[in-house]
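A.B. asks: Spelled out, the chains give:
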Amino acid sequence: MNDLLAPIFLKVARETTFINSIDLIRKLEKYVVDGHLKNTTKFITADVTDLYTMIPRQGALEALARFCVKHSKQGKVGTLTIDHIMKMARLILDTNCFAYNNKYYKQIRGGAMGSAFTQVLANIYMFEWEQDLIKYQTSHNEIYGRFVKNLFKE
Amino acid sequence: MFSFSCRYIDDIFMTTNRTIDDIKKELDKSANKDINIKINYKFDISVDFLDITITNDNAKLRTSIFHKPVAEPYILPFTSDHPRHIHRNIPYATLLRAARICSNVDDFNTESIRIDVSLLLNNYPPQFISKQFCRFFKLNNAMPVLKQLDEQVYQRLHRTLLHQPTRREKTLAKMMKDPVDSPLVLERKIWDAKLIYPAYLFESGQSIDLPRQFYKWWKTYYAYSGSSVQYVKVGLVPNTNRTLESFLIHKKPPRDILTRMDTL
Chain A
1 MNDLLAPIFL KVARETTFIN SIDLIRKLEK YVVDGHLKNT TKFITADVTD
51 LYTMIPRQGA LEALARFCVK HSKQGKVGTL TIDHIMKMAR LILDTNCFAY
101 NNKYYKQIRG GAMGSAFTQV LANIYMFEWE QDLIKYQTSH NEIYGRFVKN
151 LFKE
Chain B
1001 MFSFSCRYID DIFMTTNRTI DDIKKELDKS ANKDINIKIN YKFDISVDFL
1051 DITITNDNAK LRTSIFHKPV AEPYILPFTS DHPRHIHRNI PYATLLRAAR
1101 ICSNVDDFNT ESIRIDVSLL LNNYPPQFIS KQFCRFFKLN NAMPVLKQLD
1151 EQVYQRLHRT LLHQPTRREK TLAKMMKDPV DSPLVLERKI WDAKLIYPAY
1201 LFESGQSIDL PRQFYKWWKT YYAYSGSSVQ YVKVGLVPNT NRTLESFLIH
1251 KKPPRDILTR MDTL
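If you're matching them up, the sequences are chains A and B in order. Once you know that position 11 of the first sequence is 11 in the working numbering, the rest is easy, because the numbers rise by one and skip nothing. One rule links them: number in the working numbering = place in the second sequence (from 1) + 1000.
Read the hints as simulated data drawn from the structure, not as lab findings. Keep in mind the model is a prediction, meaning the values are calculated, not measured. A couple of the hints might just be wrong.
[As the list claims (entries may be wrong)] Below are the SDA-like pairs computed for lysine to any residue, each with C-alpha atoms no more than 20 Å apart in a straight line:
1) B:1029 with A:112
2) B:1170 with A:38
3) B:1177 with A:135
4) B:1189 with A:79
5) A:42 with B:1026
6) B:1029 with A:49
7) A:76 with B:1177
8) A:149 with B:1029
9) B:1252 with A:79
10) B:1177 with A:71
11) A:76 with B:1182
12) A:149 with B:1170
13) A:11 with B:1169
14) B:1033 with A:71
15) A:30 with B:1162
16) B:1033 with A:11
17) A:27 with B:1182
18) A:135 with B:1017
19) B:1029 with A:136
20) B:1038 with A:112
21) B:1025 with A:141
22) A:27 with B:1055
23) A:38 with B:1045
24) B:1033 with A:2
With these hints in hand, go ahead and build the complete structure from the sequences.
C.D. replies: Shown next, in the form of structure tokens:
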């Protein structure tokens, strides 16, 4: 699922994602060349608290559905229909169980920290959230970017 | 010291020429629109972000490597039982990263001293280090940087390396080519009968000569001229010994707890 959705996400959000710090330095150097760095320019860093485990399931699935509808072609990604993708997404979120101290537990909120799918799902959810900031920044010729870590295993 | 201070996908970076009040209003608006997303932000003319320090030095951009205060100078010890090319690659790769990130030659110099000391602390022989440092500057046509910290040559080196695509970017470019019509992950992998990558357990000592002997043996007895495998390419892949970490840490619960369904 991650390898299916992450390339689409990255293509759509490429302008506002950093895949590493080198990527950011390139954007900053362009910002300088374009004459936007003044001696009063400030840099802002922000972090989102506990993103993975905070994502609401329903909200994230709805964001995923909107994302698929918008970016698929004739309702399909490759040979898979949006319906297939949504079913798989629910399956991943609903079957996240673990054993601890001889007891079984099922996660009911957010996604599993280590799961590749949680990453791309959180990215898609965040992408909707950040649209206002992106618009604000681009209208003032400023940089907005979010760091996206290891989208694919190599 | 070489560790990246990367966290998850929750790090945001922005630039601004607006007033503090304006941008605060905008950020708070975003912070309040979804109760699930809470953000902490700060702004300054100099910030640490991921593994870099970014400074606005009187309208001049300065970037350098950021080291977490708790980072220790640990790298793969020279005495570790790894194929030698891995040790050779470390000085090269760390210098490459420093040259890409540091925007001025003095920061780069500080960084290369740091690299040098870390290598020494991990038992890399001085001669080995000098040789690998030389290799880096020679291959990138930047000997004047090594010899007299030439600022102009450094600027060229920094720019060239910064704009060279990294290995990850090449992989990403391949995956992003046509992700909706023909996703790479759904494509069938075609088996290439002309390539074999047998793995073997690497150990320095008696078997250090194994690859050479293997290729000789392969050529003599299998890939001799006229043989059906004459044009098959063979590349030996050295596997390293299990680390203590993989030996001692078991993440997966034992089989009986996974199959004992009656306690549910």
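A.B. asks: Compare the structure with each hint and give your call.
C.D. replies: These are the hints, each one checked on the structure:
Restraint check: the Cα-Cα separation between residue 1029 of chain B and residue 112 of chain A comes to about 29 Å, which exceeds 20 Å; the hinted pair is violated. Proposed proximity of residue 1170 of chain B and residue 38 of chain A is contradicted: the alpha carbons are some 34 Å apart, above 20 Å. The straight-line distance between the Cα atoms of residue 1177 of chain B and residue 135 of chain A is roughly 26 Å, outside the 20 Å bound, and the hint therefore fails. This hinted pair checks out: residue 1189 of chain B and residue 79 of chain A have alpha carbons roughly 16 Å apart, not beyond 20 Å.
Note on residue 42 of chain A and residue 1026 of chain B: the hinted pairing holds, with a Cα-Cα distance of about 15 Å set against a maximum of 20 Å. Proposed proximity of residue 1029 of chain B and residue 49 of chain A is supported: the alpha carbons are some 17 Å apart, at most 20 Å. With a C-alpha separation of about 17 Å, the suggested pairing of residue 76 of chain A with residue 1177 of chain B holds against the 20 Å cut-off. With a CA separation close to 26 Å, the supplied pair residue 149 of chain A and residue 1029 of chain B exceeds the 20 Å bound.
Between residue 1252 of chain B and residue 79 of chain A the alpha-carbon distance is near 34 Å, which puts this suggested pair outside the 20 Å criterion. Proximity of residue 1177 of chain B to residue 71 of chain A is assessed by CA-CA distance (about 14 Å); at most 20 Å being required, the pair is judged to hold. Under the criterion of a C-alpha separation no larger than 20 Å, the hint pairing residue 76 of chain A with residue 1182 of chain B is consistent with the structure, at around 10 Å. Between the alpha carbons of residue 149 of chain A and residue 1170 of chain B the distance comes to roughly 16 Å, so the proposed pair stays at or under 20 Å and holds.
Our distance criterion of 20 Å between C-alpha atoms is met by residue 11 of chain A and residue 1169 of chain B, whose separation comes to about 12 Å. Among the hinted pairs, residue 1033 of chain B with residue 71 of chain A is inconsistent with the structure: their alpha-carbon atoms are about 25 Å apart, more than 20 Å. Distance check on the hinted pair: residue 30 of chain A and residue 1162 of chain B sit about 12 Å apart at the alpha-carbon level, within 20 Å; holds. Pair hint residue 1033 of chain B plus residue 11 of chain A does not hold up; C-alpha atoms about 26 Å apart against a cutoff of 20 Å.
Distance hint between residue 27 of chain A and residue 1182 of chain B is unfulfilled; the C-alpha atoms sit about 30 Å from each other, more than 20 Å. This hinted pair checks out: residue 135 of chain A and residue 1017 of chain B have alpha carbons roughly 15 Å apart, not beyond 20 Å. Between residue 1029 of chain B and residue 136 of chain A, the direct Cα distance comes to roughly 12 Å. Compliance with the 20 Å bound is thereby established for this hinted pair. At roughly 19 Å between alpha-carbon atoms, residue 1038 of chain B and residue 112 of chain A fall within 20 Å of each other, so this suggested pair holds.
This hinted pair checks out: residue 1025 of chain B and residue 141 of chain A have alpha carbons roughly 18 Å apart, not beyond 20 Å. Taking the CA atoms of residue 27 of chain A and residue 1055 of chain B, the gap is near 14 Å; set against the 20 Å cutoff, the hint holds. Proposed proximity of residue 38 of chain A and residue 1045 of chain B is supported: the alpha carbons are some 11 Å apart, at most 20 Å. For the suggested pair residue 1033 of chain B and residue 2 of chain A, the alpha carbons sit about 27 Å apart, so the restraint of at most 20 Å is broken.
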